[in-house]
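As given, the protein sequences belong to chains A and B, one line each in that order.
Counting along the first sequence from 1, when you hit position 311 you're at 311 in UniProt numbering, and nothing is skipped either side.
Counting along the second sequence from 1, when you hit position 128 you're at 128 in UniProt numbering, and nothing is skipped either side.
Check before you lean on any hint, since a few could be wrong.
[What the hints assert, rightly or not] With a Cα cut of at most 27 Å, we get these calculated DSS-like pairs of lysine-lysine:
1. A:K91 to A:K108
2. A:K441 to B:K131
3. B:K16 to A:K441
4. A:K108 to A:K404
5. B:K131 to A:K404
6. B:K16 to B:K131
7. A:K441 to A:K91
To be clear, the hints were calculated from the coordinates, so they are not data collected in a lab.
Given next are the chains, with one letter for each unit.
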Amino acid sequence: MTSLTIPAGMPQYDDVPRFDVARVRADFPILDREVNGHPLVYLDSANTSHKPRQVLDVLHEHYALHNANVSRSVHTLGTEATEAFEGARAKVAAFVNAPSVDEVVFTKNSTEAINIVAYAFSNASLRADAPAPAAPSRETDDRFRLGPGDEIVISEMEHHSNLVPWQLLAERTGATLRWFPLTEQGRLDESGLAELVTERTKIVSLVHVSNILGTVNATSRITQRVREVGALLLLDCSQSVPHMPIDVVDLDADFIVFTGHKMCGPTGIGVLWGRGELLAAMPPVYGGGSMIETVTMARTTFAAPPARFEAGTPPIAEAVALGAAVDYLTGVGMRAIQWHEKELTAYALDALATVPGLRVFGPTVPVGRGGTISFALGDIHPHDVGQVLDSLGVQVRVGHHCAKPVCSRFGVPAMTRASFYLYTTTEEIDALVVGLEQARKVFD
Amino acid sequence: MQLDQLYQEIILDHYKHPHGRGLRDAEDPADRVAEAHHVNPTCGDEITVRVTTDGKVFTDISYDGMGCSISQASASVLHELLRGRAADDAAVVHEAFVELMSGRGQVTPDEDVLGDGVAFAGVARYPARVKCALLSWMAFKDAAARAGVGVSPEVKA
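Extracted from the complex, chain B is given alone in its bound form (with noise of 0.2 Å):
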């Protein structure tokens, strides 16, 4: 097993400078805000992460939690791609990092739509870290869905 195909510089960057970290409230009142919570019952992880839209694009995505390098930095990787996106194209990014993340490592990442998510692709290697990683992607999921925009077809509003 070799730890740094896990722990990638990219991953510890994020885990040690998170971007976009505390919640915010909306600048603009007239947008959407909508949040949830999520936990891993395995590891008492937590996030909560909010996102707030005009109802096209996510204006801004942020988050609050406590867990491990892998779960914190990818909250990070997430604000960092999806703030500032329409929600289809969103959709689409949320889809390859579920995809990445599901693959088992045999799936290989497209860095122009992931961006610094491909440093996860040695996390699908890692059975017992994928919810790691998945934790704020599938709390956004929920919150984008409440916020009435959702990113993928099964929550789609």
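Chain A on its own, in the form it takes in the complex (with noise of 0.2 Å):
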């Protein structure tokens, strides 16, 4: 690649930030074992990423030597918790680069983060005449309230986590549910944005990165025809932030999703961050303990963002831990990160083009897509790969990856996808196109 001459002053390759994989391949204990007699080759980094001993450590620390609860004791341990559990939230906020540490809820995962917001608009929307209490006017109530008429826009390609709740949402409300279809090259299809996102549009919800295609969407026209009606942006970006630099200031989104364990943080821990103002102006969901400002008997007035939205005792451990795997995706740097996935991903769509009778589905280029590839191996079915290569240590996911939609549109029941991380090299991609004509022997 670096004998292609590049034009001074544009971006050289070597200037792009590296690290060292082996170094940081030794940060993760799980990457030393084996399976089925093979050294493991992990290549699902989509479904669920590996844990650094950085993170395992303070897992460990914080119930070793910190652990209370947090915001309710006046106790030295109590202290501690509730700072390394706020410490945990401004270290989020700065790594999507949010304006405020307050905009940073913590949720169980990606899924609960989306369902708090359809659930708010269904709270929003119960009772026409009941003024919700957290909201300050009207005008900022109706931005919530969903009807007959009003529509929730989505896309083919998300996961179940981005469609059923928007399904379940519209039935409740009597709204309508429409949706983005997808290119041959599974690609979202805009060429029907302005008739699909319309100012009866109340939200369209969109998947960031797609977590079955790989695919990258490119939201900034999306995003400007919904300012232009006024609607509210929602991007699931549960497959976007472990992988590449995000902001949120930069992305114009209104809401944003994660979930810790894709990227180096225990299971347990998500995020919803949405605009202050938004968040200020959205009923509460869960009611509980914490989420609370004063409550009597007969009502309860609420906290304010992040806490309305935290009802109960919240994952703390797994919050502070998700803040030691932000230090640690920092310390290796995202765009290195991001840059070591996109030579994966050319490295891997080559070396997948050379298995005779293999069908990717989503961009066959390395560009707009991230390190995330399905496919099909001639008519063999996905559980059968998965199984061959798990015998030979190569662990992939197969099925419909919570996205049957996806699988729909592309005509197949099912897909085998390998996904690639910081830790992941070459060398194990090699080992999947082996594994992958061991089962084409096996089928043939």
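Both chains are given apart, each in its own frame, so use the hints to dock them into the complex.
Written as structure tokens, this is what we have:
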């Protein structure tokens, strides 16, 4: 690649930040293990990522030394736990360039984050005559009110987590669910944008990077249209925040969601980021401790965000460990991770093209796509492909990847998916290709 | 993990050359026909099993579906084993197959009862694949119940 001459003044390949993959791999204890007598080849990071020692240590240390509940104790341990928890919030906010720490709501995962937004709409729409207690004005309120005639727009590319909550919301409120179709190349078909996103649209909720096709959606035209019609925009960044620098100001979305376990953090912790004034206008979803301002037997007033959306004891250790994951990723460098995965993707697309009968779903060039590649191997069912690969230590995901409409769009019941991360090597992609040859031998 | 324990020749043979595949209508218009459509929600595999019965015997068992080698081979074996059998007889085979698949590899199958079904003994060691092997058998059970000739005690009509 470096043999190409790039004109002076343009970014040069040598300027791209890089990191030592072997050193990164040494941070991940699980990468030392074997599977079925072979070295582990983990190509399922889009499903969940592995955790570096730095994150595991923080998780352990929190429970061993600082364990206490947060936001309610005057004692030393409570103060330490609260500081660590809120410190993690600040780290996450900085990681996505959130203008305010208070715009980061900790959730269980992306799914819960999306459901909180969907149910906030629902709660704001239940009784047209009831003033939403936390909403300062009727005008603000209306952005979350949905009813017959209103529309919700998603895409055919969504993970079920950004599809089913909106189907349910449409059913509850009588609003209509509409969606962007996909092109044959696995990109969003924006040709109908003006007819799809209209004055009737209340919210557009889109996946930023597809968990199944790897497509990175360019959102600026859609954002512009969303602004024109006065709708809200939610981006599901579950597959982008772990893999590339994300700046919420730059993205110009109203909400983004992502999950800790796909970005070297633990399970059980996710994030809803929302514009401060929008979160402030949103009615609560879960009721309970920590989300209140004052409570009487008859009624309750609510805390300001993010506390309003964090009822009950939160996943404290998980949040603290997510903060450690953010530190770890920042230390390696998100720009470097993005470039590493781009090189892997280019390598993998070339390597997979040498496998007879292999068909890649989604973009076949390493441009506008991430390091998640789904494919079919002839007529061999993905379950069978995955089983043969597993016997060789190669861990891929098979099935519909919680995106059944995408499988239907491409006329298959299931796909085999290999997905990469900062610790993935080209040797692992070679092992995948060898495994695929083995699968062809068994089934052809 | 020994891959050939899972993918026995018999299974691969049924997968590559399925027996009795494709949904068929009853030859005798007096026969009762019923079908059931089952999906494996974790992988998206689907199968439709249709039974034709005179009230005593399964005169035909036909099926169509999409799925992995295990699920498709299992449907082929189901057709081979149970077509033409009396309901009581089929119930015995059905129960033996379910027992084999639920046995985590600890059940020794009886070839006299299960025929080619014994090849699935290795599948029982792979918890993620047991559902694949049982997909058509569970659809068959529902279809038989709908046709009024249940094949296991809990669904006997």
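We went through each hint and held it up to the structure:
| no. | hint | result |
| --- | --- | --- |
| 1 | A:K91 to A:K108 | 18 Å, holds |
| 2 | A:K441 to B:K131 | 25 Å, holds |
| 3 | B:K16 to A:K441 | 13 Å, holds |
| 4 | A:K108 to A:K404 | 23 Å, holds |
| 5 | B:K131 to A:K404 | 19 Å, holds |
| 6 | B:K16 to B:K131 | 20 Å, holds |
| 7 | A:K441 to A:K91 | 49 Å, violated |
The earlier numbered hint that this structure contradicts is number 7, and it is the only one.
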